[in-house]
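Going line by line, the protein sequences match chains Z and V.
Each number in my numbering corresponds to the 1-based position in the first sequence with 4 added.
Each number in my numbering corresponds to the 1-based position in the second sequence with 109 added.
Worth flagging that the hints you see were computed from the coordinates, not collected in a lab.
For every residue, glycine included, the Cβ atom is placed at its ideal position computed from N, Cα and C.
Fair warning: there could be bad hints in the mix.
As the list claims (entries may be wrong) - Okay, derived cross-link-like pairs now, BS3-like style, lysine-lysine, Cα gap no bigger than 27 Å in a straight line:
#1 V/Lys334 - Z/Lys779
#2 Z/Lys730 - Z/Lys779
#3 Z/Lys730 - V/Lys319
#4 V/Lys255 - V/Lys344
Stated by the list, open to error - Pair by pair, the computed Cβ-Cβ distance ranges are:
#5 V/Gly275 - Z/Val500: 33 to 39 Å
#6 Z/Asn39 - V/Thr115: 45 to 51 Å
#7 Z/Ser658 - V/Thr115: 35 to 41 Å
#8 V/Gly325 - Z/Ile731: 24 to 30 Å
#9 Z/Ile731 - V/Gly229: 31 to 37 Å
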Amino acid sequence: MSHSTEPILHIPQSVREDVLAYREKVAAYRRGESNPTAFKAYRVPMGIYEQRTDGRFMVRVRLGAGLALPQQLTRIAALSQAHGNGVLHVTTRQDIQIHDVPIESTPDVLEGLLDGGISSRGGGGNTVRNVSACPRAGRCPQERFDVAPHAISVAEYLLQHRSSFNLPRKYKIAFSGCGTDCALASVADLGFFAKTRDGEQGFLVYAAGGLGGSPRGGIVIEEFIPVAEAVEVAEAIRRVFDKNGDRTNKNRARLRFVLNRLGDNAFKKLYQEELVAVRAEGLAGDPPSVRDLEARFAPQTVLSEAHIEDVQPDLQHLIWPEKAAESVTLRLPLPLGDISAEDLELVAHLAKKHGLGLVGTTQEQELLVYGVRRAELAAALAVLRETIVFSSFRNARPRVVACAGASTCKLGLCLSRGLASAISAAFDAQDVAGGEGAPVIRISGCPNSCGGHHIGAIGLEGRAQRHNGRLLPAYVVLAGGVVSEDGAQLAQPLGVVPARRLPELLAAAVKQGMTGAEDLRRLVAEHAVIPPNPPEDYFYDFGAEVPFSLAGRGPGECGAGVFDVIQLDIREAASALRSSKTVLDDRVRSEELYMSLLAAARSLLVIFGVEVTKEHLIFAAFDRELITPGWVSAASRNVVADALDWRLGGETKSLVQHAESIGELVARITDLFGSLDANLKFRLTPLAEETAAAPSVGAEKAAARADLSGVLCPMNFVKAKVALEKISIGSVLEVILDDGEPIQNVPGSLAEQGHEIISVTPFEGRHLVRIRRLK
Amino acid sequence: MELTDTQIERYSRHIILEEVGLAGQERLLSARVLIVGAGGLGSPAALYLAAAGIGTIGIVDADTVDITNLQRQIAHRTADLGREKVISAAEKMSAINPDITVNTHRLFLQADNIAEVIDGYDFVIDGTDNFAAKFLINDACHFSRKAYVHAGILRFDGQMMTVLPGETACLRCIFGGPPPPGAVPSCSQAGVLGVLGGVLGTLQATEAVKHALGQGTLLTNALLKYNALDLSFRKVPVRRNPICPLCGDAPTITDLHDEALPVCDLKEARP
Numbered sequence: 005m006s007h008s009t010e011p012i013l014h015i016p017q018s019v020r021e022d023v024l025a026y027r028e029k030v031a032a033y034r035r036g037e038s039n040p041t042a043f044k045a046y047r048v049p050m051g052i053y054e055q056r057t058d059g060r061f062m063v064r065v066r067l068g069a070g071l072a073l074p075q076q077l078t079r080i081a082a083l084s085q086a087h088g089n090g091v092l093h094v095t096t097r098q099d100i101q102i103h104d105v106p107i108e109s110t111p112d113v114l115e116g117l118l119d120g121g122i123s124s125r126g127g128g129g130n131t132v133r134n135v136s137a138c139p140r141a142g143r144c145p146q147e148r149f150d151v152a153p154h155a156i157s158v159a160e161y162l163l164q165h166r167s168s169f170n171l172p173r174k175y176k177i178a179f180s181g182c183g184t185d186c187a188l189a190s191v192a193d194l195g196f197f198a199k200t201r202d203g204e205q206g207f208l209v210y211a212a213g214g215l216g217g218s219p220r221g222g223i224v225i226e227e228f229i230p231v232a233e234a235v236e237v238a239e240a241i242r243r244v245f246d247k248n249g250d251r252t253n254k255n256r257a258r259l260r261f262v263l264n265r266l267g268d269n270a271f272k273k274l275y276q277e278e279l280v281a282v283r284a285e286g287l288a289g290d291p292p293s294v295r296d297l298e299a300r301f302a303p304q305t306v307l308s309e310a311h312i313e314d315v316q317p318d319l320q321h322l323i324w325p326e327k328a329a330e331s332v333t334l335r336l337p338l339p340l341g342d343i344s345a346e347d348l349e350l351v352a353h354l355a356k357k358h359g360l361g362l363v364g365t366t367q368e369q370e371l372l373v374y375g376v377r378r379a380e381l382a383a384a385l386a387v388l389r390e391t392i393v394f395s396s397f398r399n400a401r402p403r404v405v406a407c408a409g410a411s412t413c414k415l416g417l418c419l420s421r422g423l424a425s426a427i428s429a430a431f432d433a434q435d436v437a438g439g440e441g442a443p444v445i446r447i448s449g450c451p452n453s454c455g456g457h458h459i460g461a462i463g464l465e466g467r468a469q470r471h472n473g474r475l476l477p478a479y480v481v482l483a484g485g486v487v488s489e490d491g492a493q494l495a496q497p498l499g500v501v502p503a504r505r506l507p508e509l510l511a512a513a514v515k516q517g518m519t520g521a522e523d524l525r526r527l528v529a530e531h532a533v534i535p536p537n538p539p540e541d542y543f544y545d546f547g548a549e550v551p552f553s554l555a556g557r558g559p560g561e562c563g564a565g566v567f568d569v570i571q572l573d574i575r576e577a578a579s580a581l582r583s584s585k586t587v588l589d590d591r592v593r594s595e596e597l598y599m600s601l602l603a604a605a606r607s608l609l610v611i612f613g614v615e616v617t618k619e620h621l622i623f624a625a626f627d628r629e630l631i632t633p634g635w636v637s638a639a640s641r642n643v644v645a646d647a648l649d650w651r652l653g654g655e656t657k658s659l660v661q662h663a664e665s666i667g668e669l670v671a672r673i674t675d676l677f678g679s680l681d682a683n684l685k686f687r688l689t690p691l692a693e694e695t696a697a698a699p700s701v702g703a704e705k706a707a708a709r710a711d712l713s714g715v716l717c718p719m720n721f722v723k724a725k726v727a728l729e730k731i732s733i734g735s736v737l738e739v740i741l742d743d744g745e746p747i748q749n750v751p752g753s754l755a756e757q758g759h760e761i762i763s764v765t766p767f768e769g770r771h772l773v774r775i776r777r778l779k
Numbered sequence: 110m111e112l113t114d115t116q117i118e119r120y121s122r123h124i125i126l127e128e129v130g131l132a133g134q135e136r137l138l139s140a141r142v143l144i145v146g147a148g149g150l151g152s153p154a155a156l157y158l159a160a161a162g163i164g165t166i167g168i169v170d171a172d173t174v175d176i177t178n179l180q181r182q183i184a185h186r187t188a189d190l191g192r193e194k195v196i197s198a199a200e201k202m203s204a205i206n207p208d209i210t211v212n213t214h215r216l217f218l219q220a221d222n223i224a225e226v227i228d229g230y231d232f233v234i235d236g237t238d239n240f241a242a243k244f245l246i247n248d249a250c251h252f253s254r255k256a257y258v259h260a261g262i263l264r265f266d267g268q269m270m271t272v273l274p275g276e277t278a279c280l281r282c283i284f285g286g287p288p289p290p291g292a293v294p295s296c297s298q299a300g301v302l303g304v305l306g307g308v309l310g311t312l313q314a315t316e317a318v319k320h321a322l323g324q325g326t327l328l329t330n331a332l333l334k335y336n337a338l339d340l341s342f343r344k345v346p347v348r349r350n351p352i353c354p355l356c357g358d359a360p361t362i363t364d365l366h367d368e369a370l371p372v373c374d375l376k377e378a379r380p
């Protein structure tokens, strides 16, 4: 039977261009022409992460609505065999990851994917991540209508705009086809629930949910919008996020922190204003298109003489009914989401031969083969039996979902995958039954909830525990997480249990049906106790050969972006400027001033797509991109000319006379950087056009305020600190600071001491800085 | 406690520090530190603690300013010759910082008066010049459970240790008691490099400030040795001694007593 080869999600032209430009970026990096931080800023938003093992990379392939064509899976499998470790990983957000790729092969992988009509662009970084949907969309008898085409349409719309790759943090969107919320829309940054009203298809919309640090369910922002308006809503929320998300603090950057800061009403008002603006302007770029997938992948009428075979009862858990009586979905509950390349090829073959030529991924890290004709079920199962992975799921067991964990993730504390395997082994050993109604166990190796422990019927969150002065791996046990169209309910912590004792605890709990919070609380209390002289294996994480430690943990790569690179240069400029003030020697001062000017000139060039390393080229580009258009003062041109002359040993013998101008330039560059939006456009206006802008004060309730106009450095900082110590932790202080040194130094110094800079806005020729006291 | 604008400016470089801040400066202003000896060690400690805004500083010394003191005891001026050291030092401290209260104790600390004097303070700086006084301070701080910092200087060497009585090693844990008379010469016999008092006295003041702030790690269970000629600092780890006559498992010293003073030191130690 022949199937259509048209990709499910159409890769926008801009993504295509970015992928094709990637090879040269890698080459330049390998030639030593760009530094690792700058390269990381390109690499991560391309969906390529460095693994914990140095020099090995993971490529995260996004699958629109979690759907892939068989030939796309075959391609992914082949790329993994050619360039990676031959094992594919299905993620909880319906991507497929290729692991262990050397950096020099990443361009081949990306281009190979592109040939197959798929891409990893936006798989990581501060981007619009994979737009996920109900894994059974279009097939599930329970669904209200097929949401997958709408998820794809929203993804295609957002992906074509480069601004979607420079948000304050990641932006996760999900579509659920009914109230059961298989797509986890109630805890997404933006979540859609299918609804019908008077025969019209539409969505109930949630926003600003999210797991990880300070998790929360979303709030309802629309009771009902017609399906055609989903893209407008997604664009409006993108703008709210772009303008209000906190780019200065990665840990508080997600949309839910905007909601927490503003409150429900102010948040909804901002959203409504943006929605009005989006509608007034009309959507930019290619108009979104919604393509009917149900019609394209409709099961063919079965000949009447075909007889429906009975399936062995012990394989019933691998078969899900579909809307059409004549076909079923074949479910592959992959252990830990892993499948070998050979197996994936077999699955692709199975989907082509016995199904509709369409395969899906699920939030529980399974693969689904859609539209397998009942008449061919025995044959299909026979193909499945050929896979290596089949033996691991031939018996129905409760599903165990785990994040990547400390084995590959730089953030991970515990080896969550090792624990998941140990739990599954305990289920096998004690023959714990799974299937319908069995709890899903969700494991995250750290508080970041990549395994979704906050929404598991049973959730486990990795942490380190200290016992007799040694560290041992342990998990917080949580219970009672629920997602639904009535809103999400996060799981509540019950206690901390050493990792070693969890498999027996969970096997006992599930086997005896003691998975309610109260029963579990008792079991947790029993298992939380560490014996006085615990066996040595308490100090070893599952699958580890050395005692548990936190070595090798480092900052995550998720937030790497252009902004980090710019900040690096601006810091360098400011620090050289500071050093120039502390030395008396004219030559050394000139040297520092030159370095400051160079770093300042270079900092913003990255947003104009300029990447040069030779100093005269940096200054030339700076003149072209920043001086000529009036972003910085025209007087900078003389400073640059003198600086180059000084550098080349010309007539200029010192740069000290330009110290003040260089200081002003660094301040201006800092302001321009602070005003960048996700499109990498300045919100400030060029100097020539600058007019007295009206102060824009946020809608939050009156905060404590300190007017430090006319107060010089560092007394303004001292006074801001004193004022901050007088308000309670968590409260907000507004400080008015002068232009120049004050605005340049004070917010940074306060942030350095652990406080949150919420916003910096122009205020009557000065600056209004809003600061939250955090300690 | 509400700091005035002038105070905020005066202490601004402290307030800027994340580990100090407004709350830390307020703690300094309510701290009470006793400095025993207004000499080589006590002078810099007194001036720095006054400047730092330690709210109440007591200074003990029975001596008057002698011309041989001026080579190192920087709280005193040539014009102060013959004046009481505690008055001379208190004037300089108040001139630096009128915010603070300086209590002067013009007396020689002995077993019968020391408990009463140290009672009003939270931290004691030993700036004395003889072993008898050093062990008396050690014992008195032990019985009244006061944190204190020991220091001594001679020729080109200095040593220092902070003691949290009952928790960390004390002077007697290491040395038992004073050396036999004549075994160690005094400053007047052996000489001392003037700036040594500045180095060690300032480190003692640092310990007092850290103690008041509750920040950092005090120099406990370690004896710091300093040599000015090599410019070497060495921290010798020490620990509580179970047979310490004062704080060991079976103490033999159960109340305060004065150690014998070598005869040649009498002029130095007593007026």
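Hint-by-hint comparison with the structure:
1. For the hint pairing V/Lys334 with Z/Lys779, the CA-to-CA distance comes to about 38 Å; that exceeds 27 Å, so the pair is violated.
2. With a C-alpha separation of about 12 Å, the suggested pair Z/Lys730 and Z/Lys779 falls inside the 27 Å cut-off, and the hint holds.
3. A C-alpha spacing of about 23 Å is found between Z/Lys730 and V/Lys319, which places the hinted pair at or below 27 Å, so the restraint holds.
4. For the suggested pair V/Lys255 and V/Lys344, the alpha carbons sit about 23 Å apart, so the restraint of at most 27 Å is met.
5. Distance hint for V/Gly275 and Z/Val500: a CB-CB separation of about 34 Å, consistent with the stated range 33 to 39 Å.
6. For Z/Asn39 and V/Thr115, the Cβ-Cβ distance of about 48 Å falls inside the hinted range of 45 to 51 Å, so the restraint holds.
7. For Z/Ser658 and V/Thr115, the hinted distance range of 35 to 41 Å is satisfied, since their beta carbons lie about 40 Å from each other.
8. Evaluation of the 24 to 30 Å hint for V/Gly325 and Z/Ile731 yields a pass: the beta carbon distance comes to about 27 Å.
9. Distance hint check for Z/Ile731 and V/Gly229: the Cβ-Cβ separation is about 35 Å, which falls inside the suggested range of 31 to 37 Å.
Checked against the numbered hints given earlier, this structure breaks only hint 1.
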